[in-house]
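Protein chains in written order, with my numbering: chain E, 1 to 482; chain S, 1 to 429.
These are computed hints drawn from the structure, not numbers from a lab.
We put the beta carbon where it would ideally sit given N, CA and C, even for glycine.
It cannot be assumed that every hint is accurate.
[To be verified] Subject to a maximum C-alpha distance of 30 Å in a straight line, what follows is the list of computed BS3-like cross-link-like pairs (lysine-lysine):
id: 1; chain 1: E; residue 1: LYS318; chain 2: S; residue 2: LYS327
id: 2; chain 1: E; residue 1: LYS92; chain 2: E; residue 2: LYS318
id: 3; chain 1: S; residue 1: LYS229; chain 2: S; residue 2: LYS117
id: 4; chain 1: E; residue 1: LYS213; chain 2: E; residue 2: LYS155
id: 5; chain 1: S; residue 1: LYS237; chain 2: E; residue 2: LYS213
id: 6; chain 1: S; residue 1: LYS275; chain 2: E; residue 2: LYS421
id: 7; chain 1: S; residue 1: LYS237; chain 2: S; residue 2: LYS275
id: 8; chain 1: E; residue 1: LYS318; chain 2: E; residue 2: LYS213
id: 9; chain 1: S; residue 1: LYS229; chain 2: E; residue 2: LYS213
id: 10; chain 1: E; residue 1: LYS155; chain 2: S; residue 2: LYS229
id: 11; chain 1: S; residue 1: LYS76; chain 2: S; residue 2: LYS117
id: 12; chain 1: E; residue 1: LYS155; chain 2: S; residue 2: LYS76
id: 13; chain 1: E; residue 1: LYS426; chain 2: E; residue 2: LYS398
id: 14; chain 1: E; residue 1: LYS213; chain 2: E; residue 2: LYS426
id: 15; chain 1: S; residue 1: LYS327; chain 2: E; residue 2: LYS155
id: 16; chain 1: S; residue 1: LYS275; chain 2: S; residue 2: LYS327
id: 17; chain 1: E; residue 1: LYS213; chain 2: S; residue 2: LYS327
id: 18; chain 1: E; residue 1: LYS213; chain 2: S; residue 2: LYS275
[Said to hold, decoys possible] The following residues of chain S were derived to be distant from chain E, with all beta-carbon distances above 10 Å:
id: 19; residue: ASN5
id: 20; residue: TRP128
id: 21; residue: SER249
id: 22; residue: PRO296
id: 23; residue: GLN367
id: 24; residue: VAL383
id: 25; residue: PRO388
id: 26; residue: SER418
Spelled out from the first residue to the last, the chains are:
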Amino acid sequence: MEARIFQEFRDIVGPRGLITSLEDLRTYECDGLTNFRVLPRAVLLPSTTEQVQSVVRVCHRERIPFVARGSGTGLSGGALPVENGIVISLAKMNRILEVDLPNARVVVEPGVINLDVTCRVLPQEYFYAPDPSSQSVCSIGGNVAENSGGAHCLKYGFTTTHVLGLEVVLPDGSLVHLGGKCLDAPGYDLLGVFVGSEGTLGIATKITLRVVKRPECTRTLLAAFPGTNEAGAAVSGIIAAGMLPAAIEMMDNLAIQAAEAAVHPNYPDCGGLLLVELDGPVAEVAELMQSVEAICRENAATEIRLARTDHERLLVWKGRKAAFAAMGRISPNYIVQDGVIPRTALPHVMTEITRLSREAGLRVANVFHAGDGNLHPLVLYDRQIAGQEQAAEALSYKILELCLAAGGSITGEHGVGEEKKRMMSKMFSEPDLDTMQRVRCAFDPLLLSNPTKVFPTPRLCGEKPGEYVPHPLEISGIAERF
Amino acid sequence: MLETNTILEELTAIVGPANLRAAAREDAVCGVAPQFIVEPQTEQHLAAVLSRVSAAGIAAIPRGGGTKLDWGNPPKRAGIILSTARLNHIVEHAWADLTVTVEAGCTLHSLQSTLAKRGQRLAFDGLWPERATIGGALSTNDSGSLRLRFGALRDLIIGVTLALPDGTLASSGGKVVKNVAGYDLPKLAAGAFGTLGVITRAVFRLHPLCRTTRTVTFTSASWGDMQQKLHAIQDSKLAHSGFQIRGHSGGPPHADLLFEATESGLAAQTELLQKLLLSESRGSSIPPSIFVDSSPQIWQARQNLFSTRQKESVIARFSVLPSDLAKAMRWLDPFHSSSHANWQAVVQATGIGFLRLDADPSELPAQIFALREQFERAAGSLVLLRRPESLGSLDAWGNPGDALPLMRAVKLRLDPQSTLNPGRFVGGI
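Isolated chain E, as found in the complex:
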């Protein structure tokens, strides 16, 4: 990258908004998925939409690939820099611009932290429903890119359910507004396409969110089972009884041990632990909680506890939310996997995971959003032992194949990113992927916005004949033209 371009970037974002020193760039060489690392040429920290536009215009003119980054907590390498590209960090754009409670809308910049939205509206008893485990550090912009979920999306839906409008800088630097404060703006639902597109369609610079009134009461039940099969049967029982809990989470014995070691939530020591949360009107929740309890007992629950106080409830959740990080207590290294299965396939898939784990000689801890079939197997290994890292990666991909064979998905909330793009062709056919890429070409014909992610083979868009300039990806043989 030439000096004049650096100068131009510096002119746009100011000297403090441009990072070029090797030492500082290291901070940005990976996101939450640390086994992929690429050093960007520069990191830019714009503080306004106009600056984002100007930076992107330069990238467009000079054909420089860019990757937008929020807090960098993603677990699939979505914010991994691209070779010879720049990173655009939205960390400085972190203002809550408008709180409109009569319409339950909050307008934010992309760098706002997820939990800060809830904190802002909590005094009026509203909350922002999508709650990924990283909610105290992850950004709304990143949530939009990944269509983040969380434990409570079983009842409340994902990020896409709660984003009503976006201001987006397209990969040519132009500005568009998708959706808005009102529902059903005339035209295509490009808002729906943008959310979850993992930074491949442009950069969101302003986000209109829907917040939700807090329910009258929330009750959390903890039930211990001999194993995950019994716990799984209880989940099916709860769903079959026509209930829609706010959350149903499951942990296996290894995950319980790790959580206990890390944050001491005082979980019962058992083979399968279920955490069921109901919310709504008091009368209703009390009645339904009794049914949940009965269903758990019918399915061989050995111990049932109801969190009595808010403090107890938070402690129960703390153990669950810390479960990934807690693995560090029982294993030097681990891979967090994210697959989805139809809930009914749980017993079969668990049996198979156990078998695969034994075959590979590696331990697998399991944490699930059991209500919607979203599995988070954690493959434990030791990098110091030769061959274990590769074996762990292979095992984690085999688990995903298991999910696909059961009719599920390779990712429920962490995204495809860099990590799983090769799995995409196992889940989708060529025509399926080509159709998605045609949509991508409408947004980003030059393939500049996070170009190497999501798709196994980035397709170049064959814009107008005569304007042909070989794309850097084409030259290096990782993309083909269609």
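Given the structure of chain E, go ahead and fit chain S onto it with the hints provided.
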């Protein structure tokens, strides 16, 4: 256009002679007459037909039950009607997983009856369920009262298969409720008016049917008062599933709330609502009139707007912020200034309203323009659904905003020949 018998022969060869017939007078779409009706029996046949007509430059108008075919702008061309009537199977009701895979031509009623056998439903109260199809409801982004609680079809759909004009059959999403692999094309297909591809099948997440429900109705003296109550209710701990407000040019508005809960839950909720309405009316000389068990028929109000004998009625869908509702209803004042002009509306608490305007057709275009401008200035929209043929040249959509070039680019990538529903969507798409 289709005189070239070769194309006709080829289409017949694809779908069989029983599934292709000449169009009749009632098959016209907003006054534009198609030549043939093609009813493929498989999605592969449908894709093959689409690809063949597209290559020949013939326009295709996708049709499900035909109940909303007069919505949108008149097509610029109408070569064939591509009907999903025979693609009407429920492929899989995975009841234990609360999902269903259904072909586009299945009627809402038929789908709901099957789901109800397992105590489940698609949480969507669409128009004309006996005849309207899943594909049509999706494409037109129809939504009723349950949207408040369960979201629109865009929020309930988890997978889609689209037939594209080049013959591609492309799926996206999947069969599990939680899935972020790849782009969310089900949402792109929802509300696209069949201009990007023909939806051949869809997968939905389901909800349990509620055994006990109750509808509570109350009246407000004015729209201003109603808006206050709307806000108080939305800001309360009530857990209602539906909330509609009915009104017309000659009287005060009525509101209906749908509760779905256990018996004891219903009792508690009703009590809470009564208390809330009483406290909201404190200081007013007229106590609120509350009817605690309204007939479920009251939820037909939206559909009833459409059943008018008046040929000159216009039906529109608008969207405003809930806090602008009372103001928006004042924008309708010109529609009851004279004795033969009036309006009726059913507004959801989400800010989406359905409106029937009866007025002098010669004045309507100017009035609608003025009305639309007010909605758009308030960040909302006004979309014409049904109108007399004399108003056919009036744009149905209004301003699609600064994303129109992007919408055109998407259209160009998926339907470059403009085979599907040409001219029916926003900005001439």
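Can you confirm whether the C-alpha distance between LYS213/E and LYS275/S stays at or below 30 Å? 19 Å, holds
Quick one, are LYS213/E and LYS327/S close enough, alpha carbons at most 30 Å? 24 Å, holds
Please work out if LYS213/E and LYS426/E have their alpha carbons no farther apart than 30 Å. Distance ~41 Å between LYS213/E and LYS426/E Cα, so the pair is violated.
Hint consistency between LYS318/E and LYS327/S [alpha-carbon to alpha-carbon, up to 30 Å]: 46 Å, violated
Below or equal to 30 Å on CA atoms is what counts here, so check LYS237/S against LYS275/S. At roughly 12 Å apart (the allowed maximum being 30 Å), LYS275/S and LYS237/S satisfy the hint.
Measuring Cβ to Cβ, find out whether TRP128/S lies farther than 10 Å from everything in chain E. 19 Å, holds
For the pair supplied as a hint, LYS237/S and LYS213/E, is the alpha-carbon distance within the 30 Å limit? 7 Å, holds
VAL383/S remote from chain E - nearest C-beta pair above 10 Å: Given a closest Cβ separation of 6 Å, the condition is violated.
LYS213/E paired with LYS155/E [C-alpha distance capped at 30 Å]: 14 Å, holds
Given pair status - LYS398/E, LYS426/E, alpha carbons within 30 Å: Measuring from Cα to Cα gives roughly 12 Å; hence the hint holds.
Pair hint outcome, LYS229/S versus LYS213/E [Cα-Cα no greater than 30 Å]: Judged against 30 Å, a Cα distance of about 16 Å means the pair holds.
Proposed proximity, LYS213/E with LYS318/E (alpha carbon, max 30 Å): 23 Å, holds
Figure legend: structure checked against the earlier numbered hints; hints not met, in rising order: 1, 3, 6, 11, 12, 14, 15 and 24.
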